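Peer 1: Spelled out from the first residue to the last, the chains are:
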Amino acid sequence: MHDGGTRIPILKLGHLLLVTIQVDMHDRMALTLQEDLTDRIVETGARGVLIDISGLEIVDSFIGRMLADLAAMARVLDATTVVVGMRPAVAITLVELGLELPGVRTALTVERGMELLPGPSEIEAAGTQEDRDPGD
Amino acid sequence: MDKDTSHVEAVLRADRAQLLEAWMTAQLEAVTTRPDLLSGGELRVESDRFLAAFAAAVAEDDAGGDIDGPAWLDVRELLDDLSRTRATRGFTPTETAMFVYSLKQPLFARLQEALADRPAELGPTLWVTTVLLDRLGLFTTEAYLRTREDVIRRQQDELIELSTPVVKLWEGVVALPLIGTLDSARTQVVMESLLERIVETDSTIAIIDITGVPTVDTLVAQHLLRTVAAARLMGADCIISGIRPQIAQTIVHLGLDLSEVTTKASLSDAVIVALARTGFEIRRRAAAPS
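So the sequence lines, in the order shown, correspond to chains A and B.
Counting in our numbering, the first sequence runs from 126 upward without gaps.
Counting in our numbering, the second sequence runs from 2 upward without gaps.
It is worth saying that the hints were derived from the structure and are not from the lab.
Among these hints, one or two may not hold up.
What the hints assert, rightly or not - Simulated restraints on C-beta separations: (1) 234(A) x 220(B): 42 to 50 Å; (2) 201(A) x 262(B): 24 to 32 Å; (3) 147(A) x 161(B): 33 to 41 Å; (4) 236(A) x 281(B): 43 to 51 Å; (5) 288(B) x 201(A): 56 to 64 Å; (6) 158(B) x 169(A): 26 to 34 Å; (7) 161(B) x 203(A): 46 to 54 Å; (8) 138(A) x 158(B): 41 to 49 Å; (9) 279(B) x 183(A): 31 to 39 Å; (10) 155(B) x 200(A): 30 to 38 Å; (11) 138(A) x 220(B): 31 to 39 Å; (12) 262(B) x 183(A): 23 to 31 Å; (13) 255(B) x 183(A): 33 to 41 Å.
Said to hold, decoys possible - Some chain A residues judged to face chain B by a derived CB distance under 7 Å, without partners named: (14) 211; (15) 218; (16) 235.
Claimed, not checked - From chain A, some residues computed to sit far from chain B (all C-beta separations above 12 Å): (17) 138; (18) 140; (19) 155; (20) 160; (21) 167; (22) 202; (23) 232.
Computed from a predicted structure; not experimentally measured.
Quick reminder that beta carbons are idealized off the backbone N, C-alpha and C, glycines included.
Same shape as in the complex, but just chain B:
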């Protein structure tokens, strides 16, 4: 422990109860407080636990404020936990980081009082403290972002799984209703599951329905054509259905060439074509017997 943090340690040890009160007041008065998401009682428990861990870490630390060191393990875990819960509750990154930053003002006030007669030491002490708290604040932001990224990643995985069902429509006919934008990663998944289903169901026709694809640009069209080409290599013909009027216009304006592929406006038209090619037809039953 070096000399600069010794005053911080002394203040934390001697004045913790008052510091907690002042900090609570500061936090509750701040514009970033969220009483709707976090009750005052919970905030008090969290603040108290943080002060305890912070005091212990400052006392133990001999690496000069390196918050990645072993002395700060408890503080890191606590902040990690705190950021995680706040991220899932809907706090913004700023509101989360302000938990740490709001400690500065009350802590500095206490330090100023304690070092009133030794102004020469006040400067370095404040500097060390502010650097420490800044690092901890940034740490909460990083933890917050990690949580958010986890959520995004999980949602992406779910989306990919949800959006590529290949359904068997009829003997030898599979359909792939596409929903959402097609990017390269999704095309890969879509292509794989389509081709695998073609093999499993021994299909000769695959209908790709793009009713749920919001826009078709050159890239999406290219992905579609690649899927069609891969299916053709396996011996299955593709029909693209569900082309909305705007999309038909976009395709022509962009100069995309879909002439190699059978295209239909609606899925039902595509089904009829597919059945005709496999040798079936749909007919209304004769009127009820007299």
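Chain A extracted, bound-state conformation:
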């Protein structure tokens, strides 16, 4: 799935796709990720995308916009995007840059992010749906 060390791996978890960004991204990587992710969404018919950016320590306006773009692209393909694990410093930087990522859902952890995404309709994702949303 991921060829070469410069690509961000995209993992399929049942009906979800999980993108884990564990290194500081440079611009080329970001563009490759956009292509890869849209390809994978179409290929797998995924309904939800989790982008874990807990490893990201430095963001600039380009990466911020890239995140918003990723979410917008996924939405066009009928998949909901949740950005999870943003660090406080990153959040403050993005707000200072005026990139408040409107329309992107966010969560503190991958687990919380999964709760936000549409439940598995026909695909198995055992263990995640039993204890979902105790308030509903």
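Given the coordinates of chain A, work out where chain B should sit on it, guided by the hints.
Peer 2: Relative to the frame of chain A, chain B by itself:
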């Protein structure tokens, strides 16, 4: 040592005791004296020490009255100390500087007596002396201000620390009771501590209570919205509570848009909403068993 200060040095050496008396009288008679803050005895000790240091500095000085030079180190330390204690005791800057300026009159009188037969030298001597004392007076004012600034800075730091407690209200719910005006520096601290607590406590809801914020203007609202946006990026929803009637009116008059944020009039309403969202409810226990 140049010729102009030699007379000053001579007067200080010969007449120090009388000069001290005259200076004490001048200081105690002046309107700027503060017997309530500083006793006459203390003032006498300070004055005597200053005269001694001043005399030594004038004798040593060969840089032509440069009070930043090494010869004036003792005088500077003494005045620094004096300004510091006076600033903390509640003297005004004028009252502090008058300590030095009140020396002029008695010193000039002594110089006039000493140079009665050489009027040509009196002018330059007076000029040099007055320049020296002016500089020393300004030095006390600067030292005074430094002390005051230290106090202000320390209070500011304390205020920032005091005013940003982020408390955990319930599992997954943190609250930030804001007190005082929000400026940019404070917003930064508030934002950081809120976001860090959100991570620590694994919270999904943050309540920002602005009961203690006296006024909300466009800038404060902008700071609030930025905090809300940053918390949202971390995956936590914000509820703003404690909006007083006047503040609600101001917000609307200023045309501020808070529609993106859940707002509640009181903290207890916000708590109920937060608990409902996390799946809890508060209920009164059934009546005591019969």
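Peer 1: I'd like to know which numbered hints this structure contradicts. Please list them from smallest to largest.
Peer 2: 1, 4, 6, 10, 11, 15, 16 and 23
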